[in-house]
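Just so you know, the sequences run in chain order Z and B. One point on numbering: in the working numbering, the residue at position 77 of the first sequence is 77, and numbering is uninterrupted. One point on numbering: in the working numbering, the residue at position 102 of the second sequence is 102, and numbering is uninterrupted.
Just so you know, these hints were derived from the structure itself, not from any lab. We put the CB at the ideal spot given by N, CA and C, even for glycine. Among the clues, some could well be false.
[Claimed, not checked] Pair by pair, the computed Cβ-Cβ distance ranges are:
(1) Z:GLU129 - B:ASN125: 52 to 62 Å
(2) B:PRO127 - Z:PRO120: 44 to 54 Å
(3) B:LEU128 - Z:ILE19: 14 to 24 Å
Number of protein chains: 2
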Amino acid sequence: MDKVILTPLKQIIHPKGDIYHGMKKSDVGYDGFGEAYFSTINKEDIKGWKKHTLMTLNLVVPVGAIEFVVYDEEGKSFFTQTLSQENYQRLTVKPNAWMAFRGIGEHNILLNLANIEHNPDEALNIPLEEISYEW
Amino acid sequence: MDKVILTPLKQIIHPKGDIYHGMKKSDVGYDGFGEAYFSTINKEDIKGWKKHTLMTLNLVVPVGAIEFVVYDEEGKSFFTQTLSQENYQRLTVKPNAWMAFRGIGEHNILLNLANIEHNPDEALNIPLEEISYEW
Numbered sequence: 001m002d003k004v005i006l007t008p009l010k011q012i013i014h015p016k017g018d019i020y021h022g023m024k025k026s027d028v029g030y031d032g033f034g035e036a037y038f039s040t041i042n043k044e045d046i047k048g049w050k051k052h053t054l055m056t057l058n059l060v061v062p063v064g065a066i067e068f069v070v071y072d073e074e075g076k077s078f079f080t081q082t083l084s085q086e087n088y089q090r091l092t093v094k095p096n097a098w099m100a101f102r103g104i105g106e107h108n109i110l111l112n113l114a115n116i117e118h119n120p121d122e123a124l125n126i127p128l129e130e131i132s133y134e135w
Numbered sequence: 001m002d003k004v005i006l007t008p009l010k011q012i013i014h015p016k017g018d019i020y021h022g023m024k025k026s027d028v029g030y031d032g033f034g035e036a037y038f039s040t041i042n043k044e045d046i047k048g049w050k051k052h053t054l055m056t057l058n059l060v061v062p063v064g065a066i067e068f069v070v071y072d073e074e075g076k077s078f079f080t081q082t083l084s085q086e087n088y089q090r091l092t093v094k095p096n097a098w099m100a101f102r103g104i105g106e107h108n109i110l111l112n113l114a115n116i117e118h119n120p121d122e123a124l125n126i127p128l129e130e131i132s133y134e135w
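Required output: the full structure, derived from the provided sequences and hints.
Rendered as structure tokens:
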């Protein structure tokens, strides 16, 4: 699917506490900085579907495990990936794709490094039932 | 101390999982985007002292509690603050200040939203004993 980029990230082990990379401005998928925020998702809860018309999302999971599902309505195709410290990658989601995510671990946090500031006018929300996906 | 800015951040409560603000490009303390990375710090361990000569740090603690100490050698003054979800603020540390931090909780993670990419040539490290502070 051309609406997503998956990029492996470095984890640097240190006896006092590790370093986990997130994003550099020279990285693939970087499209400017607008806002960084965290979203937590309870185990088994699902947030979505949401489609951003302008925002590029860059998603990193420093705690727990989160299953992301992206739906491209033009190509009628789904992309799914569970991110965690065990599968430590950055998921870039370009504008005009539907996205939903489910909490897998006991405590789950994502960081979104977005290219624009939050603006409710550029995002569409529809109920989970509106896009048929076997969760 | 004029080398630090402390900015309260919003926490938006949601039944499926909360949203924690990090930084917007229009925020006080934002000085461009270079890199975002996580650092964990074990309980009672201390990382420091480090002085960045070019990097402005923007520090947020989404998990656990971390005590930050900033030392301004020009003014011979210390600034200290423990950040956590209970005291959810962003700590901006401007270049040319010494910084060290200690893990307080069982699991502690900071996010640094830095204005430049990591570059070991712009940072100085000295042992903890070199700056006298009652931890």
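Each hint, compared with the structure:
1. Z:GLU129 - B:ASN125: 52 to 62 Å: Given about 55 Å between the Cβ atoms, the range holds.
2. B:PRO127 - Z:PRO120: 44 to 54 Å: Once the Cβ atoms are compared, 50 Å apart, the range 44 to 54 Å for PRO120 of chain Z and PRO127 of chain B holds.
3. B:LEU128 - Z:ILE19: 14 to 24 Å: holds (19 Å)
Violated hints: none; the structure is consistent with every hint.
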